[in-house]
Structures are given as structure tokens and as C-alpha cells.
Amino acid sequence: MSNVLLKVLSRQVLLAFRRPAAVLNPLVFVGVVVLMMPLGLGPEREMLGEFSPGLMWITALLASLLSVETLFRGDYDDGTLEQLVTSGHSLYFASMGYLLSHWCVAGIPLILCSGLFASMLSMPSEGIVPLMASLFAGTLVLSAFGTLGASITVALRRGGMLLSLLLLPLEVPVLILGAGVVARAIAGMPIVDLLSIMMGLAMLALALAPIAIAASIRISLEV
Amino acid sequence: MAWTWFHRLGSPPWIYAFAGRLLRFLLPLTLLLLLVGSIWGLAFSPPDFRQGNSYRIIYIHVPVSVVSLAGYYVMAIAGAVSLIWRLKVADIAMRVAAPIGAGLTFLALVTGAIWGKPTWGTWWVWDARITSMVVLLFLYLGVYALYEAYDNKALASKACAILALVGTVNIPIIYKSVDWWYSLHQPASIKFTGGTTIDPSMLYPLLLMIVAVYALYVCLILLGLRAALLESENKTKWVQQEVME
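Going line by line, the protein sequences match chains A and B.
When we follow my numbering, the leftmost residue of the first sequence carries the number 1, and every step to the right adds one.
When we follow my numbering, the leftmost residue of the second sequence carries the number 1, and every step to the right adds one.
Isolated chain A, as found in the complex (with noise of 0.2 Å):
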């Protein structure tokens, strides 16, 4: 029922704007990482505004499996979610609300903040746009593959590491047809082809992780 999904959307999202540091940490993590490129690159306009779409995805694809890690964390340690999980509610939704708000809460601000990054590296301006287009499309696909994978390994003592090799891998497609928007924007190319792409990606993510996401929750809790 879509009520518990209304439910656990508006809950988390209010838990983690009670703590703006679930919030600004990801950001924070952003900027220190866009601080890293012409640092390790060398400050050459030119060669980072070139580089600029895949340094800005990659560092998105970074910033989503950092603020997924504790998504199901504090609900696991208190039982909340065992009580979910018994409550007779459809867990599917549930699970849907646990994807939407980590994408409200990590995935938002990053598509706002994104053209301040972006314009830190040089990025063309024509590409700016397109670029919170495709982090629009994407950050649903990354919050949901990210929720998946906490919840896979939430029961776990270790997760951290392991979460990112299981997620970088599914998340190729991703990085490949996100950078690829904003490449072919800043080369003038129209793009409207490849964005219907990833928003087809996301919904499909969006429909189906829940799934798995549910039946992960489930494996987690007999832990």
C-alpha cells in the first residue's frame, strides 16, 4: 500500500534533515573530491573542463555509496526494522520509501549543488544543464542499486568495502550514459535520446529493486 510508502518516505526524510550532517556530509564529500581533481590533474581550464562530465559522475557514482552505508544502519540496530518487516505492511514499498528518501536526502542536493561543482572544474556552460538532467535520472538508478546493496549488507559486521565492489560494477551503465549526456551537450549534440534512455533505466530501477530490496531486508534480519 502506498500509505506506508508516504510513511517511511516522510519519516526518513525528517530523521535526516533533523541531522543536517546526513545531509552535508555527501556535499562536503563532493567538494573535497572536486578539490582533489586539479589538484592530482593540474589546473589547466582546458583539460579539466574536457575531463570535467566523467570527474563530476565519478564523483557522484563515490558520493552515493558513501551516504548509503548507514541507510538502514540505526533502523537495523533498534529493531524499527524488524517491526516493519512483521508489521504486515507490503515491504516492497517500504522498500520504496527507503530508496526515495536516501535519493530526497543525498540524491536532491547533489543535482543542485551539482552546477557549482561543475562550473569548479571548468565545465562548459552549455553542459551544466544537461548535467543535472542526467544526475536527475541517474541519482534515482544509483539510489536504488545503493539501497540494494545496504540492504544486502547491513547485517554485516565489515560492509563498507565490499558494498562498493558489489555496487561500482551494476552502476556501469550509469556513469556510461550519464557522462555521455554531458559530453555530447557540451559538443552540441542533442541528447534527448540518451536522457529518455536513463529516465527508462530509472523507472525500471525504481520498479524492480524494491524486490530485491525487500527480499535482502528479509536475509538481513535472520542474520
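You can trust all of the hints, since none of them are fake.
Computed spacing ranges between beta-carbons, pair by pair:
1) A:Val85 with B:Pro13: 33 to 41 Å
2) B:Leu9 with A:Leu6: 40 to 48 Å
3) B:Leu203 with A:Gly200: 37 to 45 Å
Some, not all, of what chain B presents toward chain A, calculated at C-beta under 7 Å:
4) Phe138
5) Lys158
6) Ile162
7) Ser177
For the record, the hints were derived by calculation from the structure and aren't laboratory data.
Keep in mind that this is a model prediction, so the values were computed, not measured.
We put the CB at the ideal spot given by N, CA and C, even for glycine.
Fit chain B to the given chain A structure using the hints.
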């Protein structure tokens, strides 16, 4: 209905004995096929007009790549069977398939690199197929790592089955996107010999090697399955009897 054969496959002692009987003739057959195929291919097939003799590693590289790709689906199907029918044996088969598949993928990448150096002058190139194989390797390693991370092995298998199925849905998407990515970034020089027809004198040893490596894969899975069954069922009577012999 005649589903008894299916559920019989799910019984550890039955499949242990069945695998043993199968291996008794399959293992020598596999070794024979591998021997004949590799000697035919590596020694007796004619040199390629463009690449000379360095192409011969194709007789190892292509079969191993084909089987590593198929092996992922074997692993995923075993996982699906174990989730749907709750067969412990399918669990164990999936768990056994993961490192075997990873090893084959790694071998494919290494033989590909060995092929690349004398032929195109570079050990490594980021083209569509190699990149997809690297992603496949990480998918395999992810399943294996997830299994090792759980202490409760029954739950570990369920989690791995879910991960393998998610990967299965993803593999066509990953392959298509890497293909498209490569068509964007294609460097001018390196191209595989795509589109050329292959001479029968080279084709037959290749097909033989493909069959041989498939047979090898089945043998490895059966051997691993038997060993894993002995390990996980070690408290049951039939295992005690087996070990006593």
C-alpha cells in the same frame, strides 16, 4: 508428473553419487578433448595470413571467454532455482560456480593480453569486449566476496542468489552501454579481426576447444559440488559412510 528427476537432483546423496558416475567418464573425456583440441590448434592449424603464429592463443582465449559468459548464467540460474524451490544443492552449485567463473574470466583477460602484445603491440586496451569482461570479473568477485562475508552460510547463499539475479538483469544493459561508450571513444588504430570469415582448418579446432572447455567447466562444477557437499553435509550418515570407504 515426471518431476521426480528434478527433486532427485536436489537430494545431496543422490547427486553426489550421480556426479561421481558422470565424472568417471566425463573427466577422461574432457582431458582427451582438451589435449586433442589444444595440440591440433596450437601445433597443427595453419598460420594466419595477417597475424602469423601469434593468433594461436585464440584456441584458449575464445573458448574460455565463451564459457565464462555462460558460467554467469549457470550461477544465476542455480541461484534462482535455490530461491524458488529452496534446493540446498542449487545453493551449493551456485556458490561453487562463482570462483570457477571468476577464474575463467581472469584467464580470458590474461590470454587476451598475451594475444594483444605481439599482435597489436599493447598488453591492454579499453575496448568494448575487454571492458565488459572486466565488469563481469568484478560481478563474479562480488558474488564470491558477499558469500565469504556472511557467517551464516545458508543466508549467504540467498543473498548471493539475489545479487546474481540482479547482475543477470544488468548484464545486457551493461554490455549495451559499454558497446555504445566504445563507439563514442573509439581510438583510430586498434581493431579486432571482426567480419572476416574463418577457414575450416582453423574453425574445427576452435569448435573442439569450445566443447572441451565447456566439458571442463562441467567437470569443475561437479568436482566442486561433490567437495562442497561433503563439507556442508559432514554430519549426515551418508557422508560418514562415504568417508569410511
